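A.B. asks: Spelled out from the first residue to the last, the chains are:
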Amino acid sequence: MSNTPIIEVSNLSVSIFSKNKEVSILNNISFTVKANSITAVVGESGSGKSITSLSIMGLLPKTISKNTSGSIKFNGNELTGLNDKEIQNVRGNEIAMIFQEPMSSLNPSMRCGKQVLEIIQRHTKLSKSEIKEEVISLFQKVKLPQPERIYKAYPHEISGGQKQRVMIAMAIACNPKLLIADEPTTALDVTVQKDILELLKTIQKETKMSILFISHDLSLVSEFADEVIVMYKGKIVEIGNTKTIFKSPKHNYTKALIGARPSTEKRFKKLPTITDFMDNNIDKEVITDSQRQEQHKILYSQAPILEIINLEKEYYSKAGWFNKPNAFKAVNDVSFKVFPGETIGLVGESGCGKSTLGNAILQLDKATSGTIKYNGKDITNLSKQQLRKLRREIQIIFQDPFASLNPRIMVGDAIIEPMVVHNIGADHSARKKKVFEILSAVGLDESSYYKYPHEFSGGQRQRIGIARTIALEPKLIVCDESVSALDISVQAQVLNLLNNLKDQFQFTYIFISHDLAVVKYMADQLLVMNAGKIEENGDADEIFNNPKKDYTKNLIDSIPKGIIK
Amino acid sequence: MKIENNSLTSLALQKFKRNFWGVFSIVLIGLIGLVSVFAYVFAPDASKNANQMHLSIHSKTPGFQVQMLTIPSRQTSNQSFFSKLFFGVDNLDTEIPISSYSIKEGMLSYMEYAVNGGEGIEKQISLSNFPNNDYQKYIDTRTFIFGTDKYGRDYLSRILIGSRISFFIGFVAVFISLIVGLIMGSLAGYYGGKIDAVIMWIINVTWSIPTLLLVIAITLALGKGFWQVFIAVGLTMWVEVARVVRGQIISAKEMQYVTAARALGYKDYRIITKHILPNIFGPLIVISAANFAAAILIESGLSFLGIGAQPPMASWGAMIKDHYNYIILGQPYLALIPGICIMLLVMAFMLVGNAFRDALDVKT
Chain X
1 MSNTPIIEVS
11 NLSVSIFSKN
21 KEVSILNNIS
31 FTVKANSITA
41 VVGESGSGKS
51 ITSLSIMGLL
61 PKTISKNTSG
71 SIKFNGNELT
81 GLNDKEIQNV
91 RGNEIAMIFQ
101 EPMSSLNPSM
111 RCGKQVLEII
121 QRHTKLSKSE
131 IKEEVISLFQ
141 KVKLPQPERI
151 YKAYPHEISG
161 GQKQRVMIAM
171 AIACNPKLLI
181 ADEPTTALDV
191 TVQKDILELL
201 KTIQKETKMS
211 ILFISHDLSL
221 VSEFADEVIV
231 MYKGKIVEIG
241 NTKTIFKSPK
251 HNYTKALIGA
261 RPSTEKRFKK
271 LPTITDFMDN
281 NIDKEVITDS
291 QRQEQHKILY
301 SQAPILEIIN
311 LEKEYYSKAG
321 WFNKPNAFKA
331 VNDVSFKVFP
341 GETIGLVGES
351 GCGKSTLGNA
361 ILQLDKATSG
371 TIKYNGKDIT
381 NLSKQQLRKL
391 RREIQIIFQD
401 PFASLNPRIM
411 VGDAIIEPMV
421 VHNIGADHSA
431 RKKKVFEILS
441 AVGLDESSYY
451 KYPHEFSGGQ
461 RQRIGIARTI
471 ALEPKLIVCD
481 ESVSALDISV
491 QAQVLNLLNN
501 LKDQFQFTYI
511 FISHDLAVVK
521 YMADQLLVMN
531 AGKIEENGDA
541 DEIFNNPKKD
551 YTKNLIDSIP
561 KGIIK
Chain P
1 MKIENNSLTS
11 LALQKFKRNF
21 WGVFSIVLIG
31 LIGLVSVFAY
41 VFAPDASKNA
51 NQMHLSIHSK
61 TPGFQVQMLT
71 IPSRQTSNQS
81 FFSKLFFGVD
91 NLDTEIPISS
101 YSIKEGMLSY
111 MEYAVNGGEG
121 IEKQISLSNF
131 PNNDYQKYID
141 TRTFIFGTDK
151 YGRDYLSRIL
161 IGSRISFFIG
171 FVAVFISLIV
181 GLIMGSLAGY
191 YGGKIDAVIM
201 WIINVTWSIP
211 TLLLVIAITL
221 ALGKGFWQVF
231 IAVGLTMWVE
241 VARVVRGQII
251 SAKEMQYVTA
261 ARALGYKDYR
271 IITKHILPNI
281 FGPLIVISAA
291 NFAAAILIES
301 GLSFLGIGAQ
311 PPMASWGAMI
321 KDHYNYIILG
331 QPYLALIPGI
341 CIMLLVMAFM
351 LVGNAFRDAL
361 DVKT
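The listed protein sequences derive, respectively, from chains X and P. So the first sequence is numbered by the UniProt record's numbering: it starts at 1 and just counts up by one. So the second sequence is numbered by the UniProt record's numbering: it starts at 1 and just counts up by one.
Hint data in this document are derived by calculation from the structure and do not stem from the laboratory. Don't take every hint at face value.
Listed next, the in silico DSBU-like pairs over lysine-lysine satisfying Cα-Cα at most 30 angstroms (straight line) [what the hints assert, rightly or not]:
hint, chain 1, residue 1, chain 2, residue 2
1, X, K194, X, K553
2, P, K253, X, K475
3, X, K389, P, K253
4, X, K384, P, K194
Predicted model, so just to flag it, every value in this text is computed and none were measured.
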């Protein structure tokens with residue numbers, strides 16, 4: 001490996017202007033990316049990692065942002081201060097970029113082949129047929145199946161993983177010296193993520209280009225990168241060789257990032273959060289297997305609170321006037337039992353029907369056939385009135401803390417409203433008192449009552465959503481990807497909160513997630529779903545240690561484990 | 001504890017306040033609204049519909065001055081104060097523009113004002129016609145700030161009172177269109193399926209009827225008049241509101257907080273009124289402002305065609321109609337003044353709409 005730096009960033013500072021106020025978002029950062037190597041930038045949302053990549057590409061909007069100081073040298077040439085035309089020659093030709101959302105970074109009205117073709121056309125002088133051959137060979141290089149078919153396909157006709165491969169093909173079309181990958185696998189399923197990472201690694205080896213890989217996931221990066229840069233609030237807190245950073249992290253923040261992710265090996269009673277690491281106050285209590293077994297004995301001797309029997313949900317797509325509608329089974333013959341007080345984990349890749357199942361349990365979408373018994377009573381054909389009563393007992397915590405709160409309603413009113421509707425509490429003052437209690441239970445102070453959702457951060461909003469849910473004093477709560485949109489450190493806090501509340505109020509959780517590690521930490525019983533069917537069902541630890549089906553094995557293997565052990 | 005109001009609505013209002021043209025326009029609209037409500041207080045000619053005609057001084061230029069002799073009527077009207085304030089005085093007095101007068105043996109002889117400076121007819125009237133023989137009080141110099149129209153009526157008063165029609169047709173049309181449009185659009189958007197199909201069919205049919213034709217049909221059925229125009233304009237305008245509401249609700253329905261509201265067991269009425277409608281308020285205000293402007297334009301168009309407000313009622317559209325041929329006869333101001341008024345009001349509404357759209361846009 002040669003040691004000449006391909007990118008040299010020194011003392012870079014960037015500010016953003018909003019309402020004439022200058023907010024510094026990058027603070028004096030310096031790093032280098034060596035030729036023929038993979039460097040990863042890791043940090044949580046708002047740490048400035050994407051801004052770093054955008055400023056290298058010169059893609060920051062000039063009207064609201066300003067490069068206040070520092071320099072960026074690419075192959076020895078200064079990039080800051082170049083005009084648009086000069087930087088366009090560097091962009092695409094020498095530095096290429098792939099983005100997080102393959103769905104939105106491809107033009108939906110253009111065939112995939114043509115989009116790649118366009119780039120080569122712009123940067124080379126080959127003839128049309130030569131370019132087409134070049135595109136097909138690129139598609140082969142990124143291991144797309146049937147490259148001829150993909151060449152003619154529109155983006156919506158291929159899967160998410162395939163789209164990301166097309167994006168990579170576009171990025172490497174001009175043999176760039178540096179590839180910037182901004183969270184290229186975050187929107188993808190774990191199994192697909194693994195393939196894409198392997199592909200990037202092989203392409204890197206073949207073409208000897210450098211990759212600047214941006215991610216929030218430390219363990220993913222640890223399997224992949226040669227060097228790691230850890231960023232926090234616009235500053236670089238740690239920089240160095242991947243192995244040294246993971247084996248002996250120096251900065252507390254790095255330690256926290258590594259520790260906050262639920263381990264698949266041990267089950268801590270309380271997940272350590274960033275503040276715990278900063279204060280050096282880590283609770284290392286572990287729930288042992290025997291404790292767990294004893295607890296489960298009591299749990300599973302009860303009558304089930306919820307029983308799902310042969311549940312099916314079909315969706316129809318209308319093909320045309322004369323064609324028969326196509327039926328698609330999103331949930332196919334699913335049966336399981338939920339016992340009071342347990343957390344049942346529901347895991348699967350996107351499109352496997354786990355959210356549809358959650359909605360069917362909540363009666364937000366009616367199931368096509370099958371029965372759902374709640375406390376022994378069938379709830380699939382209740383009247384509207386009975387259904388509203390049932391809502392009090394079965395509740396949901398949503399994925400997106402930004403979208404699940406009405407932006408025009410004060411937080412306090414949003415929590416009071418369900419109480420008013422369901423006649424909980426005697427009068428307004430009694431309800432208000434209860435709201436304050438709930439707010440403190442989810443770790444928010446009383447002044448939150450008078451604030452509006454947009455004044456809170458993502459983690460705080462998720463707490464508000466939880467507060468609104470528990471205001472109804474439900475028995476069963478469906479957590480639909482409730483922590484997936486949160487940063488790792490916040491995720492740990494919310495998971496701890498959910499466990500605390502469970503102990504406090506005796507909730508039963510149905511925990512839906514695509515993240516196996518999180519589900520493993522939370523769940524007593526685990527359901528693995530694939531293509532609408534339950535693939536495997538049993539004790540979470542048992543499934544993890546001895547998966548029976550190939551699908552489950554593959555899923556577990558795909559979790560990035562890092563090189564910690 | 002100090003509670004700061006940081007709701008999106010108040011943030012939008014703060015943003016609106018910083019928009020000069022928005023604030024300017026809303027002040028202008030407020031002034032015009034005030035003038036239209038208290039038109040008879042401000043109007044120099046406070047007679048009903050500002051209909052005091054003096055044919056001898058018709059089509060005079062702005063700022064025209066003349067001596068005016070008022071012959072009081074012997075009849076007394078028993079009009080209430082509020083009726084006078086809002087509907088004008090039932091004027092029974094006769095007003096005669098004069099060029100000179102003299103007193104002879106208990107008789108007031110005066111020279112009638114004549115066109116083009118020619119000699120008028122001399123007439124005499126007994127002083128006993130005036131209370132206490134105090135004729136001085138009944139002769140004054142009148143200034144016509146905007147001049148006079150082709151019947152010799154005070155143009156300023158006509159403009160002030162005409163603002164009522166334009167302003168109220170905006171309100172009534174927007175009000176009717178909002179009520180019908182909100183209900184229809186909400187039902188179609190929220191429930192979808194067959195209800196949506198039926199309502200969309202009604203919308204498309206209504207949309208295909210030309211406003212003019214509908215007004216003529218309604219006029220045939222109910223008779224001519226400005227109320228018919230109000231209703232007709234309102235009934236054609238609701239389709240736009242309904243379509244906007246429907247589209248907005250369809251996208252708002254997919255928001256997670258609406259799903260959350262459903263999961264919390266709220267009734268449909270509560271979800272629509274408390275959780276969806278407040279969030280689609282922005283586009284609704286914008287389209288209402290645009291509708292306001294459009295209604296004013298439609299009314300003036302209809303008045304111009306003679307199927308709007310009927311004489312002697314003053315309306316800006318009808319005033320243009322009465323005087324548009326003066327444009328080539330050297331007195332264009334007779335048509336220009338109401339035209340400029342319409343333009344100012346419509347533009348004010350458009351600017352307010354734009355300012356609201358910018359203020360309610362959460363992204364910036």
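A.B. asks: Next, verify each hint and record whether it holds.
C.D. replies: Consistency of the hints with the structure:
no.	hint	in the structure
1	K194/X to K553/X	holds, 14 angstroms
2	K253/P to K475/X	holds, 27 angstroms
3	K389/X to K253/P	holds, 22 angstroms
4	K384/X to K194/P	holds, 20 angstroms
This entry satisfies every hint, going by the numbered hints stated previously.
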